[in-house]
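Once you've looked at the hints, dock chain B against the given chain A.
There are 2 protein chains.
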Amino acid sequence: MSMQEWIERKRDGLALSGQEIGAFVAGLVSGEIPDYQAAAFLMAAYLRGMDEAETAALTSAMLRSGAVLDLSTIGGAKVDKHSTGGVGDKVSLVLAPAVAACGGRVPMISGRSLGHTGGTLDKLESIPGFRVGLTLDELCAQVGDLGAAFGAATADLAPADRLLYRLRDATATVASIPLITSSILAKKAAEGIDGLVLDVKTGNGAFMATPRAARDLARSLVSTAERLGLRAVALITDMSQPLGAAIGNSVEVVEAVEALKGGGPRDLVELVTRLGAEMLLLAGLVPDLRSGCDQIARSLADGSALARFRAIVERQGGDASAIEDVSRLPCASRREPLESPASGHVQSIDCRALGAAACALGAGRRRMEDAIDHGVGLICMKKVGDAVVAGEPLLLVLYNDAARYAAVRPALQAAFVIGEKRPSARPLVRARLAGAGCRERS
Amino acid sequence: MSMQEWIERKRDGLALSGQEIGAFVAGLVSGEIPDYQAAAFLMAAYLRGMDEAETAALTSAMLRSGAVLDLSTIGGAKVDKHSTGGVGDKVSLVLAPAVAACGGRVPMISGRSLGHTGGTLDKLESIPGFRVGLTLDELCAQVGDLGAAFGAATADLAPADRLLYRLRDATATVASIPLITSSILAKKAAEGIDGLVLDVKTGNGAFMATPRAARDLARSLVSTAERLGLRAVALITDMSQPLGAAIGNSVEVVEAVEALKGGGPRDLVELVTRLGAEMLLLAGLVPDLRSGCDQIARSLADGSALARFRAIVERQGGDASAIEDVSRLPCASRREPLESPASGHVQSIDCRALGAAACALGAGRRRMEDAIDHGVGLICMKKVGDAVVAGEPLLLVLYNDAARYAAVRPALQAAFVIGEKRPSARPLVRARLAGAGCRERS
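Each protein sequence line maps, in turn, to chains A and B. Counting with this note's numbering, you get residues 1 to 442 for the letters of the first sequence. Counting with this note's numbering, you get residues 1 to 442 for the letters of the second sequence.
Okay, chain A solo, but in the shape it has when bound (with noise of 0.2 Å):
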């Protein structure tokens, strides 16, 4: 069999064996197989889809194309979260030294911001001297040390994935369920951990718009994890707002930070303890999701999660002086408020375009190759559902660059729509999905 066959059987929606895809990302990263067969490979698999079988042995040949992490030195379960990407979800930033505190191993391999969503690495890099360019090894260490790391994906962890991201980025076929989860299970499975948890988002500033899309990717995601022998749970949460207020990176590192000092808004406590919840039960650690949450509640409450949050700082370079004063944080020059045209409550918020606005700002890139600036974002006053009056500020704004803002306003205008009633509350966490491994204990 040739890739030529390979292409043919997928175009007409034919099943390709675990070898045939084996054999093809090997030729793929081997440079044998040329990107325009993988790219039509890849827009037939868009258009005829791969089944579960399938997914599994694309994820499977992805992560054997490279380096796996060896953390099986470190005593306990290692647990990892992944998010499919939202508007102001700084939620890693909390969760990873939160379930380090109870006793969870987190070796968190994080990305850049893509798109209108933000990035955990860039975020973090608003801490002045922080690094997040650790080895495999420095990484490995610090997990075992403190519980827990952030890094960024080496050029040795499933180098397959970033070949086929490229060109699915660059040939309409980034949005394939089967595409997107192999991608994300074969980078964490190269952690070399033992259960997952994915935050999979809905809503208007997600990349699975609709909720039907996000419950098949959850699917998939939990089935294929569990095909790989890796036990995992997903959870289908809103996005159709941004998650708590701060939208940037100082911004939200701000935020974070006062999540772990046990304050913070609402919404992103409450995703970070659901997560938690499920990373503890994974990892062996509670017996149930109760205890999960009761134990990641009294890490936030009693600042074991801020010491290791600030041990993180530190063993990463960073100057965990900003954590308690963040005014040594990057900080926007000028900041604006949005007001509000109207009186009444706020209907609904076009996340998206809050998420672009703020990366036109400069709070995230539109190619690799750009600069971020952390001290801009934007701040939130005023969540779906509260009261507002005409000339009250719906958002902060914090810029350095005039025109940009000249920019982006009439979008953020454009971004709250108030009316008269009350809309009804939309819960954060609109579904839970686990493998057959990983039912809660009742």
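Among the hints, erroneous ones may be present.
[Said to hold, decoys possible] Across the chosen pairs, the derived CB separations fall in these ranges:
| hint | chain 1 | residue 1 | chain 2 | residue 2 | range |
| --- | --- | --- | --- | --- | --- |
| 1 | A | 409 | B | 18 | 36 to 42 Å |
| 2 | A | 401 | B | 18 | 38 to 44 Å |
| 3 | A | 115 | B | 370 | 48 to 54 Å |
[As the list claims (entries may be wrong)] Examples of chain B residues lying across from chain A (beta carbon under 10 Å, computed):
| hint | residue |
| --- | --- |
| 4 | 4 |
| 5 | 5 |
| 6 | 10 |
| 7 | 12 |
| 8 | 35 |
| 9 | 36 |
| 10 | 43 |
| 11 | 167 |
| 12 | 169 |
| 13 | 170 |
| 14 | 173 |
| 15 | 212 |
FYI, nobody ran anything at the bench for these hints, they're computed from the structure. Don't be surprised by glycine CBs; every beta carbon is placed ideally from N, CA and C.
This is chain B only, laid out in the frame that chain A set:
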């Protein structure tokens, strides 16, 4: 708009504008659009289709990617024929001189063997000295002087087609009606002709095996040609058995010469006559198809077509004496009859298998760099409906390499199905589709 967005639109089944398709083709030729984006686009087009306007825009952009023959100094209408490829199809060798003898102008740019089908250029090159590599100027001058020329596509004719075809071949996106249509018509329109007759083959020896696919392709070809201002007629013709008896190169030249001398197999002569009549009608040289058929038949009977063929061969450097003395053509060293295992009637012939076997004997190429063995081939002694007695030869196999013959022998034997009843005869020309500008004057 960027290429990513065009791929995305096609992926989602939306239509692209003519301008967008033009920019895609121009970007591909200039190298600005990489192969992998073109490959993803081709797969999306394969699976989602392209409408008539898109197909015409693609054809037009491919045509404009290179030079177009200027035949304006030559008087009279310029017409050509294109066949979608069959087994034993030596029509062009008889048709071009016959139409030229009747006053038509035929700038026939032909192809090489492809897959299980032969190529006109390869057949002509079995005539010692015959040179198909005419410059465009030589081709034009010869059409002016002799009414017909046989040339190979030059690098400057529709270069976008070569790029796209190479990609389609490597990415399992050949068999797409809009892509086939644009590839055929861009090359033919580059000949600067006024009218085109399309011989769309159907049956087990054709690329379009089902009558429905053949009809869809014929309709697409005719309507797209009309959109480009090229008058077109398509005949859907039977390719469920070889055309004539000879399959190969020199053996097909011999059979073509027989037809030019007023003999030759009935089906070959019928198809030459029908296609020739269409070309004469398109050229405005006859008032109706009946007169066209009469004129073509007369040119074969009175030696004028043969004389024209001889003049063409001489002009293109070929040994014209081989037309009288076919022993001057390459001839295989061995010939062996393949005997019928039973008595009865030939029920069916696996025409594709015969074509593939002839190719495997050396009459065609597996890869572009393979050399052709001009002397080898097959002679069909029995066609569908013929009575046969056990032990009578079904085929004569002409070969040079005993190992190759041994390898194809089982396939040859399996290609003929013998049964008791005589199957009902099938018409050679199954349908005619004419563009709005090409209705027969009554």
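Do the hints match the structure? See the list:
1. At about 37 Å, the CB distance of residue 409(A) to residue 18(B) agrees with the hint of 36 to 42 Å.
2. Checked against the hint of 38 to 44 Å, the pair residue 401(A) and residue 18(B) passes, with Cβ atoms roughly 40 Å apart.
3. At roughly 49 Å, the beta-carbon separation of residue 115(A) and residue 370(B) lies within the given 48 to 54 Å, and the hint holds.
4. Hint on residue 4(B) holds. Least Cβ distance to chain A is approximately 5 Å, under the 10 Å limit.
5. Checking residue 5(B) against chain A by beta carbon gives a least distance of about 8 Å; that is within 10 Å, so the hint holds.
6. Satisfaction of the interface hint for residue 10(B) is found here, the shortest Cβ-Cβ separation to chain A being roughly 9 Å, below the 10 Å cut-off.
7. The interface hint given for residue 12(B) is met, as the beta carbon of that residue sits about 9 Å from the closest beta carbon of chain A, less than 10 Å.
8. Hint on residue 35(B) holds. Least Cβ distance to chain A is approximately 4 Å, under the 10 Å limit.
9. Checking residue 36(B) against chain A: minimum C-beta separation of about 4 Å stays under 10 Å; hint holds.
10. The interface hint given for residue 43(B) holds, since its Cβ lies 4 Å from the closest Cβ of chain A, which is under the 10 Å cut-off.
11. A distance limit of 10 Å between C-beta atoms decides the matter here; for residue 167(B) the minimum to chain A is near 6 Å, and the interface restraint holds.
12. Because the beta carbon of residue 169(B) sits about 8 Å from the nearest beta carbon in chain A, less than 10 Å, this interface hint is met.
13. At its closest, the beta carbon of residue 170(B) sits 6 Å from a beta carbon of chain A; the interface hint therefore holds under the 10 Å criterion.
14. The restraint placing residue 173(B) at the interface with chain A holds, with a minimum CB-CB distance near 7 Å, inside the 10 Å limit.
15. Look at residue 212(B): its Cβ only gets to about 17 Å from chain A, farther than 10 Å, so that hint breaks.
Violated hint: 15 only; the structure is consistent with all others.
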